[in-house]
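Listed here are the chains, written in short residue letters.
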Amino acid sequence: MVEVVLKGITKRFGDVVAAGDINLKIEDGEFFTFLGPSGCGKTTTMRMVAGLEHPDEGRVYFGDKDVTELPPYKRNTGMVFQNYALWPHMKVQENVAYGLKVRKVPSDEIKKRVSEALELVKLGGLENRFPSQLSGGQQQRVALARVLVINPEVLLLDEPLSNLDAKLRVEMREEIKDLQRELGITTVYVTHDQEEAMVISDRIAIQNLGVIRQVGSPTEIYRRPNSLFIATFIGRGTILEGSVESLGEPATVRAGELALRGYPSVPEIELGAGMRVACVLRPESFLMKPPDEPYNEFEGTTEWAAFVGHHTEVRMDVVGHKLIVDVPSDVDTPVGQKLRVYAPQSDTIFLPFEG
Amino acid sequence: MALKRTLSALKRELDAMTAVQSLVAYSILIVFLVAPLALMVGQAFLLRGKLSLYWFMNLLSSPEYVSLASRGGRLFEVRRGIMYIWGYDHGVLLNSLIVASAVTILCSIIGVVAAMLMGRYRFWGKDVFRVLLLVPLLATPFVNAYVIGKLFNPRGGLINYFLVDLLHLLPWRLDIDGLVGVILAQTLSYYPIVFLNVLASLNNIDPSVEEQAENLGARGLRLFRTVTLPLFLPGLAAGAIIVFIFSLEDLGAPIGFTGARANPLARKLVSYQVYSSFAEALTGSFSPKIAALAVIILILAVVGFLVIRRYVNMRTYAMLSKGGRWSPRLRTPSLVTRIAILVSLGLMVVLASMPQIGTVVLATTDWALAGTLPTKVTGEFLSTLTTNPDVSRAIVNSLVYAGAAVVIMVLVGSSIAYIVSRKGIPGRSVLDVMATIPVAVPGIALAVGYFLLFSSKFFRGTPLDPLLDPGLLLIFAYSIRRLPFTTRSVSAGLSQVDKSLEEASMNLGASRPTTFFRIVLPMIIGHILGGSILSFVYSMSEVSTSVTLGALREDRVPITFFISQIIYGVAAVGAVSIGAALCVLLMAVQITAMAISNYVLKQKVAFLGV
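Residue numbers (the numbering used here), protein chains in the order written: chain A, 1 to 355; chain B, 1001 to 1610.
Treat the hints loosely; a few may be bogus.
[Claimed, not checked] From the structure, some residues in chain B lie toward chain A, with a derived Cβ separation under 10 angstroms:
1. 1012
2. 1015
3. 1017
4. 1510
5. 1514
6. 1518
Hints listed in this document are in silico derivations from the structure and should not be mistaken for laboratory results.
Where is the CB? At the ideal position from N, CA and C, for every residue including glycine.
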């Protein structure tokens, strides 16, 4: 187990920047996720940790050791590929035993460790199947067992769940998280599924066009995005465009007829008078009754309502602005009726407007 | 900066195995492909030690090589009840170009028609035709032209007997010979190359693309012209350029016709002229004029090949289909049309298979001596394959050469395919081109290059000296000439091995050699075997270097040289049948190989093209 440090990593493919000056420290035992739209460079970044790509600039460290020039087979990482990359000509146990054979582990120990690894991923009894005889979920587990068996210093997971159906995906991500916690292994995870990233990670790095836009815990990123890009990329919400009317604690932003009181999303953001900003309101931060803390009040008409189980998703029109609000499902919200909701000022965040 | 980056990438990617693979591949390609051709080109541009265009000017200004006015020959001329169809002599160089162009055009027409019929219509007996249309691919070097010459002989030729004496369809007998004879023989053997390439392209067209065009109102010829043709044009171009090159360098037809009819017009071709100068080279030195001649067809072939390859690569459209029906559009035509298709395909197949049928008849009967029709079946010619020591020795020689060549091809070909498949290595495109280009290098040009280089002072007395023993040189000649088949086959296998399978292995601690032998090799072994079987077969029937370099020592001759000698008339009368028996052997080997490749290794035979 080891910490992974990326220092000024840059990688270009022709004109495309896959990684632009990435500086990161992934803690020992941490579950760290690269999240971003497809083509943002997250897989390339992970491949540079594995040694499958060589950075144009910058260094990669495992602990104090500079591994930038080390070929992939000397890095002792365990990578699970998006397509699993199971060798079709080898049985399950041969696939799993491969890394140990290469390391010249004695054969009785190989046998023991292979069956342990297969037990760990709940695949005991399938040793003699070929990959083509397994379901997608089982193949996924073989791929996992194949890398866990060598006790890698870093576990690398490249969109491992993207080829599974929705139900299995939820099951597997919990299993992967449990395994990781149990083994305490430093894990780098790549996904484009934000919900998956939120559920599974200790920390998330959001990457776009090769550049890391924000690093933080799931709650930080969700509740305190550092840019409008992050705010719109992660989660749902209402974006109200306006300009700063008065500074102070809280600041006031005017958006049309609405005056919104709230705070900059992160302390690094400095508001100025008259500055164009976006006000971000998450649907679940709205309340049906005035809270004990300072709040903003909205009154409007329900335009559209969709019952989604635990709550009802409502779109309401507030003097020309469209607000997305999660209403508890026990509250009746007929379309066309008036509705009054409250948002705590602490959940009303301002971000500089982009573009 | 760029150089530094290349060097550091090279350092990173060049582990021991890749280094050895690159070294082997580059050294063999340089010594046995680049150096001989470079030397030949050099000779052609030198006059008394100085750079000069003398030999080329000499060639182009001499009417023997280029003559706009006809220097003899007959075309559709009727004399004493015989219509002579020979073609006109415009000088060796122009003749070669005219013949190659005519063969390319004829093959394209026949190939496209056959492919459209097979690829777009449903009719009875289609599966039979699928096989029969490929019969002309079976190699019967020299004997095919001999058979055609014999069939169209105005005196006792079977076709004339049928058309004139039996059916009274024609007022005069036909005498197809000379350049037209060569065109006929080559067209019949090469049209399957166009056919296969076009058919593959047709089958690759997403049916919905044509259906959309019909939906928008295009049909019939308009649909063909605006949608179908542009989409299979790359396939046609790929097949056509190969036909052009094969025709340019072909020795089988000129030698076969000379043997059948002794008409000197069939010899007025570049390939034959280069071939015959080898006989003089034995005693004296090689005339730079011949080198210049070989350089001209080398340049024509290679430039044509590269241009077409570029075009095909550019125009090979990936079909962006998102599911849906994907079975070729087949329609069942009306009964009359179906009968017309059957009759025309039937005639074509019979005509095109004449050489192969004739070869079998020659080998198993007394046809060679009997005149119009054979009179009795005999096994004596086939049995000479084992009883006649000269014949058996030629067979053994060919087996040894082809076998050894396959070993070299597998080593070099899979190395090249593996290196080229890896994107990280600088200079891989050079290797890719060098491994493909032998398809376009005329065999006789390579033979001239080999002779110049390996009989030079530098190699004199070494095992590579062809004057001492051409055996080893033939092995390398076969290896180089058939290398593209192996390389392509292995590349096809590698393209099915996802890169992540190798990366997973390296990620788990396996070095590149371990990864290659444990992961890659087991997955592509079928393709390697398939490629080596085909390469073996094509080495056995190799003509150009065999009949030139092979001639240099009597006890080292390969099968094809032996056949050429027989057909050329050096051996005793009746021996034609022995040549035919050898061709039967070649066909048998080829059919066996294709069967193994198709049914045991499950490899699709798609190996001729750019």
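Interface hint for residue 1017/B, Cβ within 10 angstroms of any Cβ on chain A = Since chain A brings no Cβ nearer than about 13 angstroms to residue 1017/B, farther than 10 angstroms, the hint is violated.
Using 10 angstroms as the Cβ threshold, decide whether residue 1012/B counts as touching chain A.
-> holds (6 angstroms)
Would you check whether residue 1510/B satisfies its interface hint, that is, whether its CB is within less than 10 angstroms of any CB in chain A?
-> For residue 1510/B, the interface hint holds, since the closest Cβ of chain A sits about 5 angstroms away, which is under 10 angstroms.
Interface restraint verdict for residue 1015/B against chain A (beta-carbon cut-off 10 angstroms) | With a minimum Cβ separation of about 8 angstroms from chain A (threshold 10 angstroms), the hint on residue 1015/B holds.
Would the stated hint for residue 1514/B survive a check requiring a Cβ distance to chain A of less than 10 angstroms?
-> holds (6 angstroms)
Go through the hint on residue 1518/B and say holds or violated, using the shortest Cβ distance to chain A against 10 angstroms.
-> Residue 1518/B check passes; min Cβ-Cβ to chain A is 8 angstroms, inside 10 angstroms.
Comparing the model with each numbered hint stated earlier shows that hint 3 is the single one that does not hold.
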